[in-house]
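There are 2 protein chains.
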Amino acid sequence: MHTTAHIISIGDEILYGQIADTNAQWISQELDAIGIKVTQRLTISDVKEEILNTLKYCEERADIILITGGLGPTEDDLTKPCLAEYFDVDTKLNKEALTHLTTLFKRFKFELTPANKQQAYLPTNCTMLKNELGTAPGMWFFENNTVFVSMPGVPFEMKGLMANKVIPKLKEQFDLPIIYHKVIKTIGIGESWLADKIKPWADMLPANISLAYLPSLREVKLRLTTTGTTKELLIKEVNKQIELLKTYASQYIYGYNTDTIQSAVGDLLNVKNETISTAESCTGGHLAHLITSIPGSSAYFKGSIISYTNQIKKEQLGVSPNTLKLYGPVSEQTAKEMAEGVREKFDTTYALATTGIAGPEGGSKEQPVGTVWIALATPTGTHTKLLSLTKHRMLNIEASSKSALAFAWQTFVQSS
Amino acid sequence: MHTTAHIISIGDEILYGQIADTNAQWISQELDAIGIKVTQRLTISDVKEEILNTLKYCEERADIILITGGLGPTEDDLTKPCLAEYFDVDTKLNKEALTHLTTLFKRFKFELTPANKQQAYLPTNCTMLKNELGTAPGMWFFENNTVFVSMPGVPFEMKGLMANKVIPKLKEQFDLPIIYHKVIKTIGIGESWLADKIKPWADMLPANISLAYLPSLREVKLRLTTTGTTKELLIKEVNKQIELLKTYASQYIYGYNTDTIQSAVGDLLNVKNETISTAESCTGGHLAHLITSIPGSSAYFKGSIISYTNQIKKEQLGVSPNTLKLYGPVSEQTAKEMAEGVREKFDTTYALATTGIAGPEGGSKEQPVGTVWIALATPTGTHTKLLSLTKHRMLNIEASSKSALAFAWQTFVQSS
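Keeping their order, the protein sequence lines are chains S and P.
The opening position of the first sequence corresponds to residue 54 in my numbering, with each subsequent residue numbered one higher.
The opening position of the second sequence corresponds to residue 54 in my numbering, with each subsequent residue numbered one higher.
With the rest of the complex left out, here is chain S (with noise of 0.2 Å):
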């Protein structure tokens, strides 16, 4: 049915953590594009037993197998020969490959050593994929009824070859579906909660949509698959499911896709021409941080006081010593008072505050560590949360700034 595909990363430091695979996650998005099924990601050591029996697998398994690593010049390289022991072929002395080395290392005014001249040597059986960016030539081999595309493992190099060669001959070798994806961003509900909600849709979704759940941080994305011939058709049909799913959840959806909260109260900023600033205890410039990490935000966002003591709380915010006495600096009126203060000071029309116990320390009975109050301040008056979180201050700061994010998106939205 699909077209399936495996990803073989070979290398040590891959698997002792010391690198992280950009690679595997890079091809893995390539070939969902063009309609190819990725089954199975494998990292594998530099060793050849392991690469052999790994191919095997591999061979029984999918249609396509792309290895990146292993091609390098020294000595611990092992994927070459592996490949030609593999087909039970010889390696021999390919022109091209010899060729473009030579003008290669010309241009860089090296010498060309016996190891490097080692690289233009290719199984017999392969067809060479000139590799522009790098002295490592990428293999296309098509045996057993599989193709198997051996690239080197550096980023830049994979990703010329995978773009100019591996992609193209993909595309004319097999017959390929067109695959779209759209994500539905919610926030504002947990998983479980937002699922027993939209049970009858997900129930009724056609066959050829399938759901899938994709939880992070304080958000629930919902993303949506489906196969076809017609990308047109296809977007139409799933648009056309999430107009269904707003009935049950549209006060939850902020976005679609690569949006994120941040962008979305942006984005209600921008139409609106309407500007937000904001008054930081325990996030501590996370906020600020995320706001401004959208371009562009220098048209809505005007700027922050960040009040780590309770004086600059009382100077640059105006909250009032009888606050801060009566209620302490962790409370719903302190919370309250920075965000009208930040409000007048910065003049914007909406300002959001933040305090609370971030930890690991300060916290104590009535306030345990991941006690938070946020504010929203707006035109027409001040609305507060309360929030309980974790333990753990990395958690509370992330949490509280992205919560504070929500808050002021589902005000906005219900105000409108």
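For the record, the hints were derived by calculation from the structure and aren't laboratory data.
Treat the hints with care, since some could be wrong.
Since the list can't tell identical chains apart, any single copy or any two copies may satisfy a pair.
Claimed, not checked - For lysine-lysine, the following DSBU-like pairs were computed, each having C-alpha atoms within a straight-line distance of at most 35 Å: (1) Lys-162 x Lys-148; (2) Lys-90 x Lys-293; (3) Lys-289 x Lys-398; (4) Lys-398 x Lys-367; (5) Lys-145 x Lys-109; (6) Lys-378 x Lys-398; (7) Lys-212 x Lys-293; (8) Lys-438 x Lys-183; (9) Lys-299 x Lys-250; (10) Lys-252 x Lys-299; (11) Lys-378 x Lys-159; (12) Lys-438 x Lys-398; (13) Lys-293 x Lys-250; (14) Lys-444 x Lys-398; (15) Lys-418 x Lys-325; (16) Lys-252 x Lys-90; (17) Lys-444 x Lys-162; (18) Lys-159 x Lys-299; (19) Lys-252 x Lys-235; (20) Lys-90 x Lys-284.
Add chain P to chain S, keeping to what the hints say.
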């Protein structure tokens, strides 16, 4: 010989390239640190046969199998039923897991749905690993002389389980060699220049100590690894080598292991009972966020003014209108006045300021995107530095913040 492990990541969102599998890399690092050799990592689909086949495949090849993902309350999460089927056991209600769930839901004031309650049913042959940070418990199995561990895919939940439950149990169950790593953190010098500078030292390292370069954003980590039977001896040997290293590169070493440039700056301020504040334009709060990510930072950090408009630079930071007119907001003079302004206003020993063009828009021929001025105001005068960074907004924000901290650290160290 070695105790070996396989890591299985379950989830279509990884195979489709929609999210990076940061879990597998992190687990690799943790296992490496305790002397367990990761011999393979596999990413597979949330499909029953795939999970069952992969469990069998890994059981034949490794002593330990660590599984992440597929433990949510929704229907597409199959890891638990697959494990029960694989071991041919039933699931039953685990009372401790249910108590934990009930407590969590009460705390968040949510109702426990049947879907949620399902998470407290566990295969009868497993040891429950309490997940303090979420609803899906970890599971530990010991069957056929192999350890199987199932953990949720949410990174902070998985990390909590690994650190508090899995690593201690693995250390107990297996006779692991003693591996001692020490990471030396350097800043202010690129990888190849550092390598040149310390070459005489690296060439003389004893055979039982290996050196790895781990470059990351704006810094280079050096990791020394040694294996033996007596930890004290290993520590002594490694520390001796670090003393020798210092004769080549002491001015770049800001700390070790989990130290960060923000914790190094904080330590220096703490020792002298000094304080700091920030005035941020292009970093938009990220600099304050780095500083406040350190527990106890409220002892030395008073606050920040984030000025995303010229008006706030003038009104709140006291930047002279003439400066803005003559030199513009992205200039050495503006950075200087911002730092001096917030230092005076917040009454701190030091103040750091940033102003620049984060991008992607807003650059010009004279001032391309990535142009950033940083300033450090001190009791004896203000120091400035110009950075020429990239075209990428997030990278520019992060690199500017880190560079500002590195600049402060270098100034503090040189003046002490």
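Now for the hints, and whether the structure bears them out:
1. Within a single copy, Lys-162 and Lys-148 get their C-alpha atoms as close as 20 Å, which meets the 35 Å cut-off; across copies the closest is 71 Å, which misses it.
2. Proximity of Lys-90 and Lys-293 under a CA criterion of 35 Å is satisfied intra-copy only: 25 Å inside one chain copy versus 50 Å between copies.
3. With identical chains, the CA atoms of Lys-289 and Lys-398 are never at most 35 Å apart, being 48 Å at best within one copy and 57 Å at best between copies.
4. Taking the shortest alpha-carbon separations for Lys-398 and Lys-367, both the intra-copy value of 13 Å and the inter-copy value of 13 Å come in at or below 35 Å.
5. Taking the shortest alpha-carbon separations for Lys-145 and Lys-109, only the intra-copy value of 24 Å comes in at or below 35 Å, while the best inter-copy value is 39 Å.
6. Proximity of Lys-378 and Lys-398 under a CA criterion of 35 Å is satisfied in both settings, with 23 Å inside one chain copy and 23 Å between copies.
7. Proximity of Lys-212 and Lys-293 under a CA criterion of 35 Å is satisfied intra-copy only: 32 Å inside one chain copy versus 39 Å between copies.
8. For the homomeric pair Lys-438 and Lys-183, the shortest alpha-carbon distance between copies (30 Å) is at most 35 Å, but the shortest distance inside one copy (49 Å) is not.
9. Proximity of Lys-299 and Lys-250 under a CA criterion of 35 Å is satisfied intra-copy only: 11 Å inside one chain copy versus 61 Å between copies.
10. In this assembly of identical chains, the alpha carbons of Lys-252 and Lys-299 lie at most 35 Å apart only when taken from the same copy (13 Å versus 63 Å across copies).
11. In this assembly of identical chains, Lys-378 and Lys-159 lie within 35 Å of each other by CA distance solely across copies; the values are 31 Å between and 58 Å within a copy.
12. With identical chains, the CA atoms of Lys-438 and Lys-398 are at most 35 Å apart both within one copy (22 Å) and between copies (31 Å).
13. For a Cα distance limit of 35 Å, the shortest separation of Lys-293 from Lys-250 inside one copy, 19 Å, qualifies, whereas the shortest one across copies, 62 Å, does not.
14. With identical chains, the CA atoms of Lys-444 and Lys-398 are at most 35 Å apart both within one copy (33 Å) and between copies (33 Å).
15. Taking the closest pair of Cα atoms, Lys-418 and Lys-325 come within 35 Å of each other only across two copies (33 Å); inside a single copy the shortest separation is 44 Å, beyond that limit.
16. Only within a single protomer do Lys-252 and Lys-90 lie at most 35 Å apart by alpha-carbon distance; the minimum there is 27 Å, versus 44 Å between protomers.
17. Taking identical chains as interchangeable, the C-alpha atoms of Lys-444 and Lys-162 lie at most 35 Å apart only when they sit on different chains, with a minimum of 18 Å there against 45 Å within one chain.
18. Within a single copy, Lys-159 and Lys-299 get their C-alpha atoms only as close as 54 Å, which misses the 35 Å cut-off; across copies the closest is 29 Å, which meets it.
19. Taking CA atoms no more than 35 Å apart as the test, Lys-252 paired with Lys-235 passes inside one copy only; the shortest distance there is 19 Å, against 51 Å between copies.
20. Taking identical chains as interchangeable, the C-alpha atoms of Lys-90 and Lys-284 lie at most 35 Å apart only when both belong to the same chain, with a minimum of 17 Å there against 45 Å between chains.
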